Structure formats: C-alpha cells, structure tokens
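Top to bottom, those sequences are chains W and E. Counting the first sequence from 1 gives a position; the working numbering is that position plus 59. Counting the second sequence from 1 gives a position; the working numbering is that position plus 13.
No lab work stands behind these hints, which were simulated from the structure alone. Each hint should be verified, as a subset may be incorrect.
[As the list claims (entries may be wrong)] Facing chain W, according to a computed beta carbon distance under 7 Å, are these residues of chain E, among others:
#	residue
1	VAL19
2	ALA20
3	LEU27
4	PRO104
[Said to hold, decoys possible] Label pairs and their computed distance ranges (CB to CB):
#	chain 1	residue 1	chain 2	residue 2	range
5	W	THR86	E	ALA30	37 to 43 Å
6	W	GLU247	E	GLU168	56 to 62 Å
7	E	SER73	W	MET281	57 to 63 Å
8	W	LEU119	E	LYS173	45 to 51 Å
9	E	LYS62	W	LEU142	32 to 38 Å
10	W	ALA256	E	LEU140	50 to 56 Å
11	E	CYS25	W	PRO150	16 to 22 Å
12	E	LEU140	W	LEU119	40 to 46 Å
13	E	ARG40	W	LEU142	20 to 26 Å
14	W	GLY260	E	SER250	43 to 49 Å
15	E	ARG40	W	LYS251	49 to 55 Å
16	W	ALA256	E	GLN47	56 to 62 Å
17	W	ILE151	E	GLY46	39 to 45 Å
18	E	THR29	W	ARG120	38 to 44 Å
[Unchecked claim] List of simulated lysine-lysine pairs, BS3-like, C-alpha gap at most 30 Å:
#	chain 1	residue 1	chain 2	residue 2
19	W	LYS189	E	LYS72
20	E	LYS143	E	LYS132
21	E	LYS62	W	LYS189
22	E	LYS175	E	LYS231
23	W	LYS189	E	LYS132
Source: prediction; values computed, not measured. Cβ atoms here follow ideal geometry from the backbone N, Cα and C, with glycine treated the same way.
Here's the letter readout for the chains.
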Amino acid sequence: MTDMMTILAQTTDTAEALRQTDPSMMTQMVLILLAAAFTENILLTRFLGMCPFLAVSRNLRSATGMGLAVVFVTTGTVFLNSLLYYKVLVPIQAAGVPIPAESLKLILFIVIIAAFVQFMEMLIERISLKLYVALGIFLPLITVNCAILGASLFMVNKDLTNAESLVYGFGAGLGWCIAIILMAGIREKLKKAKIPAGLEGPGITLIITGIMALTFIIFQGMIQT
Amino acid sequence: MNAILVAAGIACALTTALSVLLLVAERVLVNYGQCRIDVNEGEKTVEVKGGGTLLGSLKSNGVYLASACGGRGTCAYCKCQIHDGGGPVGPTEQPLLTQDEINRNVRISCQVKVRADMKIHVPEDLLAVKQYAARTERIRDLTHDIKELRFALTEPGTIKFKAGRYVQLEAPAYGDNPEPVQRAYSISSVPSETDHVELIVRLVPGGICTTYVFEHLKEGDDVTFTGPFGEFEINESDKPMVWIAGGSGMAPFWSMVRHLKEVGNSRPVKYFFGAVQRRDLFFLEELRALAKELDWFEYYPALSAAAEEDNWDGDVGLITEVVDTYVEQGTDAEGYLCGSPGMCDAACKVLHAKGITTDRIFFDKFA
Numbered sequence: 060m061t062d063m064m065t066i067l068a069q070t071t072d073t074a075e076a077l078r079q080t081d082p083s084m085m086t087q088m089v090l091i092l093l094a095a096a097f098t099e100n101i102l103l104t105r106f107l108g109m110c111p112f113l114a115v116s117r118n119l120r121s122a123t124g125m126g127l128a129v130v131f132v133t134t135g136t137v138f139l140n141s142l143l144y145y146k147v148l149v150p151i152q153a154a155g156v157p158i159p160a161e162s163l164k165l166i167l168f169i170v171i172i173a174a175f176v177q178f179m180e181m182l183i184e185r186i187s188l189k190l191y192v193a194l195g196i197f198l199p200l201i202t203v204n205c206a207i208l209g210a211s212l213f214m215v216n217k218d219l220t221n222a223e224s225l226v227y228g229f230g231a232g233l234g235w236c237i238a239i240i241l242m243a244g245i246r247e248k249l250k251k252a253k254i255p256a257g258l259e260g261p262g263i264t265l266i267i268t269g270i271m272a273l274t275f276i277i278f279q280g281m282i283q284t
Numbered sequence: 014m015n016a017i018l019v020a021a022g023i024a025c026a027l028t029t030a031l032s033v034l035l036l037v038a039e040r041v042l043v044n045y046g047q048c049r050i051d052v053n054e055g056e057k058t059v060e061v062k063g064g065g066t067l068l069g070s071l072k073s074n075g076v077y078l079a080s081a082c083g084g085r086g087t088c089a090y091c092k093c094q095i096h097d098g099g100g101p102v103g104p105t106e107q108p109l110l111t112q113d114e115i116n117r118n119v120r121i122s123c124q125v126k127v128r129a130d131m132k133i134h135v136p137e138d139l140l141a142v143k144q145y146a147a148r149t150e151r152i153r154d155l156t157h158d159i160k161e162l163r164f165a166l167t168e169p170g171t172i173k174f175k176a177g178r179y180v181q182l183e184a185p186a187y188g189d190n191p192e193p194v195q196r197a198y199s200i201s202s203v204p205s206e207t208d209h210v211e212l213i214v215r216l217v218p219g220g221i222c223t224t225y226v227f228e229h230l231k232e233g234d235d236v237t238f239t240g241p242f243g244e245f246e247i248n249e250s251d252k253p254m255v256w257i258a259g260g261s262g263m264a265p266f267w268s269m270v271r272h273l274k275e276v277g278n279s280r281p282v283k284y285f286f287g288a289v290q291r292r293d294l295f296f297l298e299e300l301r302a303l304a305k306e307l308d309w310f311e312y313y314p315a316l317s318a319a320a321e322e323d324n325w326d327g328d329v330g331l332i333t334e335v336v337d338t339y340v341e342q343g344t345d346a347e348g349y350l351c352g353s354p355g356m357c358d359a360a361c362k363v364l365h366a367k368g369i370t371t372d373r374i375f376f377d378k379f380a
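Could you build all of it, start to finish, from the sequences and the hints given here?
Shown next, in the form of structure tokens:
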C-alpha cells in the first residue's frame, strides 16, 4: 500500500492542466481517455495490478477475459466511487460534520468495489450466460486487484467530475486490458523460445514487463500539458 | 473522538446498506423458480428449486451421480449429458472435458447450475428404481416346487435392466398375512424383452410371498413390484466364466445365457447347475440345446442323489465336486454364483482352490 501512496503523490495532474487549456468538452473526454489508457497506463507506468497480470497472462484467451472484466469493473467502480465521494462524503464534510473523508474513502471504496463485483456477478449470470462464462470466474478475482482501487484513488487525486471519472475509469481499465493482452501475446510466442532456466516463468515476464513499460514512455509526450 | 465515531458510523451504514442490497439482489436475481429436469427422455422427471448445482439438485431427488471431490469440480466423476438447458460450457469444466465429450453435450454436473428446465441423460443404472404394475400373464410349473411367473408390464409399460438384476415382488395382505410384504426375485427373462418380466419362484414352506405365489396368485391377477435392484451382472472382460447355481438360482443365468446369445458373445461359459433328483431339474432340454448350438457354452447339470427311476446318465455328486472335475487348475476364469448361502460358500472354496481369487467371484446370495 505504501508504494501506492508514493505513486499517488507523484501523479501528474493531466486532467487539471487540460481543463485550464479549455478544449471542447468532447476533446477533453477523449484526452482523459487516452491519458488514462496510454500515458498513465495503470499497469505499465504505475505497476498496479501485477498479480493477476503475471498469473493470467499465460494465454490470450483468458487474458482477454480478465482484461475485459477489469475494464468493466473499473468503469463501474470509479464512477460509483466518484458519486460516493463527491455527492456524499464531500457534502457531509462541507456541512460541518467532522469526518476524515480522505482516509475514509480508502475503506469505503473497497466496500463499494466488493459489493459491485458481487452484484454484477449475479446480474451477468442472469442476463447473459455467454458473458458470465467469459467473465464469470475472473470477476471474484478482481475484487482484490489493486489496479481497481488505484483507479478510484487516482480519480479523487485528479479531482475529476463524475462524468470525467466514468471516462477515466474506462480508460484506466482499457490500459490494463491492453497491457495484459500484449503480454499474453508475447508469452504465447515465448513458449517456443529457449529461456535460461533461472528466468523461466515470472522472471522473464517481469523483465518483459519492464521493457514494455519503457516503450510506453513514448506516449508521455503525446498529450502536451 | 467524534470524528472517529461518525466515520465508523458512515462505514457501517454503507456496508449494511450494501449488504441488504446484495441480499435483496440475491433473492431476485438468483431466483430461478421451479425447474423441471427431464432425465433420460422422460424416464424420470424431477422438480427442483433453480439456482443450485445440477449434481446437488439430482442428489436431493434420488439420482445419485458419482462424486469424489464433493462438487469442487476436480474429480470429473459427475459427468452427465445435458441436451437442453445447460447453457455454455464453463471455464471450470473445459479442462476436464475432451472435445469429443463437449460435442456429445457431456458436462460436469457439479459446475452446472440449474437455471432453466433441462433435458439430461445419465447412465441407465443410476436411474432410481421404479414401481411397476403388471398383469400375470402365465404361471407354469417348472418342477414340483418351482414356478415360473410371466408378467406383462402395464404401468410403466417397459423396463430396462441388465441380466442378473432382481425385482421386489409385493405380496398383498391375504389370509393370515395382515400387510403387504416384498420379496426379492431375480429376473429370468432377457433384457431385450422390455415389456415383460419373468421370475422363477421356489416354494419356501411357510414363506409369505412364495405361499401367496403358489396358492393365491392366478393368471390375470394384477401385481406390483419394484426394481431393478442389485449389482449382480456380467463383468466386462474377456475372461472365461464359471457359473454355479442351484434351485431358483437358475433365474439370472437363464437370463444371461440367452442375453449373451443375442449379443453374439464369444466368452467361454461353463454353467454348473446342482439339483437333488431328476425331478428338480428344469430347462434341461433348452439348456442342452443351447450348449449344442453355442460353441462357447457348456452346461453341466448334476444330481446329488439321483433316484433309481431317473436313469440319470449325467454327472452325479455335490455341485462342488462336479466343478472340481471340470474346471482346470489355475484358470483365469471369473466365478458367478447364485444360490443359497451354503452353496455359495462351498462353491467359493472350490473356486479358490482352483486359483480364482475373491475379486473375480461375483455373488447373488439369497437366503
């Protein structure tokens, strides 16, 4: 958790900068989306959600399922948490009730995420069995994916509006999804490669993640602030 | 201090609210109502509350699929075919199924939830026993104390069983017998004749059911029985078989030999049948004719105390002695026994002496 805090402190506040340059509403949303997915890729620049990234990236099929599940859950939970924070906690605080909204949000966000995942699992099972079969087993795993909580906490840090947080959540999830799909593609090719015994498995995967993260640096200049 | 209490209060309130929401959602969303599971094309239909696993739902309705892991989806024993209503194959099932099985709609029943009406197929044996109503079509004397009963099934109209199974015939209240009783009799008819059941009943002096059969049951009478029961059957292997029976222990073998003939068997069978006198032998001509016709079948009837007037030219002595004569030492055959406990135990001993171990001997012992 401490590493997450340091990351939070360093977060470049792209959204705030964007708002000052005042492009049209639509462009702004697109920029938030691109920033969340690429320049601030939650996995490759923040290194959040590494455990499922390492565990489920062995083949493309399950990586895609996991990735889509993360997109779905981040979009939903970042939006819900944004509502909770700005429509409930902040007004209560503003009304003079002495609550530590900053620290309370950490606990409440987790509760929201857990409940959302549980609820969605039931709902998806009811609505579409095909979707349930594709995402079903990944949903419970996601509750403990720190990228999900990370996205919600960044959302507060970045001071996003409710609508913006919806886009931001989607973008953050999309970035994680792209990263795990890329990794799964590489790992499927790696099966045929000769890897030194000591580096097999997580070792080579982490090295490749590092190289992928380096390549993602090129996106940094994409959004001029 | 105040801030901590308010914060704790908010956290508790939110958690409680979400819990209530989830509970309500579970009530509404995971409620699939009553679902009807059609097992083996209508042979059995069970009504279950939807939402549970197929394995559990079947179990609570008397259809017992094998399961070693307790429904965790690891042992893959609880496979069954789901032809309708099973939904897509889940990721937890995929590793346990071959492509061929998936094509045949085979599923892991502990990983399938009952969400709608289903049509499934389980191995025939698993289907619970049924109660049959039947009409007595023919009663004939095989010997002075053994009768053959032939029943035409009325409801349900057909039965599926393996040669060697038995049914429980119900004797209704009659005379001094105040309440219905059930007694087990092996089926002597062939499995291919699905609309009839034949039994071989030997009179037990003072026996409630046999007395009913011998003194009260008339052709045209309605009877009820349940079945098929039991595990006595022809073991699937290519080893030769040694069959040993006495009295009404004939029934399963009379069914088996004709069943084997129908399916084009080639496993060698030696059938030893023990009786006291010529008058205790039945199906003698039929079985001798079969032995002549079928090169894999040998029939050895033996009399333990042949009377003068019997003019018996076959084997004499206790059936165990005859078995000892004709079964070679160190054979790899399987033993099949049907008769009184005394006969079975004696037969077991002689088979052991011949080198047939207990795991290759199958019983249908009756008292």
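Structure-based check of each hint:
1. VAL19: 5 Å, holds
2. ALA20: Since chain W brings a Cβ to about 5 Å from ALA20(E), closer than 7 Å, the hint holds.
3. LEU27: 6 Å, holds
4. PRO104: 5 Å, holds
5. THR86(W) x ALA30(E): 37 to 43 Å: 38 Å, holds
6. GLU247(W) x GLU168(E): 56 to 62 Å: For GLU247(W) and GLU168(E) the Cβ distance comes to about 60 Å; the hint holds.
7. SER73(E) x MET281(W): 57 to 63 Å: Hint holds: Cβ distance 60 Å, inside 57 to 63 Å.
8. LEU119(W) x LYS173(E): 45 to 51 Å: At roughly 47 Å between Cβ atoms, LYS173(E) and LEU119(W) fall inside 45 to 51 Å, so the hint holds.
9. LYS62(E) x LEU142(W): 32 to 38 Å: 36 Å, holds
10. ALA256(W) x LEU140(E): 50 to 56 Å: Check passed, 54 Å falls within 50 to 56 Å.
11. CYS25(E) x PRO150(W): 16 to 22 Å: 19 Å, holds
12. LEU140(E) x LEU119(W): 40 to 46 Å: 43 Å, holds
13. ARG40(E) x LEU142(W): 20 to 26 Å: Taking Cβ atoms as reference, ARG40(E) and LEU142(W) lie about 25 Å apart, which means the hint holds.
14. GLY260(W) x SER250(E): 43 to 49 Å: 46 Å, holds
15. ARG40(E) x LYS251(W): 49 to 55 Å: 51 Å, holds
16. ALA256(W) x GLN47(E): 56 to 62 Å: 58 Å, holds
17. ILE151(W) x GLY46(E): 39 to 45 Å: 42 Å, holds
18. THR29(E) x ARG120(W): 38 to 44 Å: The hint (38 to 44 Å, Cβ to Cβ) holds, given that THR29(E) and ARG120(W) are roughly 39 Å apart.
19. LYS189(W) x LYS72(E): The hint holds at about 27 Å.
20. LYS143(E) x LYS132(E): 19 Å, holds
21. LYS62(E) x LYS189(W): 22 Å, holds
22. LYS175(E) x LYS231(E): Holds: LYS175(E) and LYS231(E) sit about 28 Å apart, inside 30 Å.
23. LYS189(W) x LYS132(E): OK: LYS189(W) and LYS132(E) at ~19 Å, within 30 Å.
Of the numbered hints given earlier, the model fails none.
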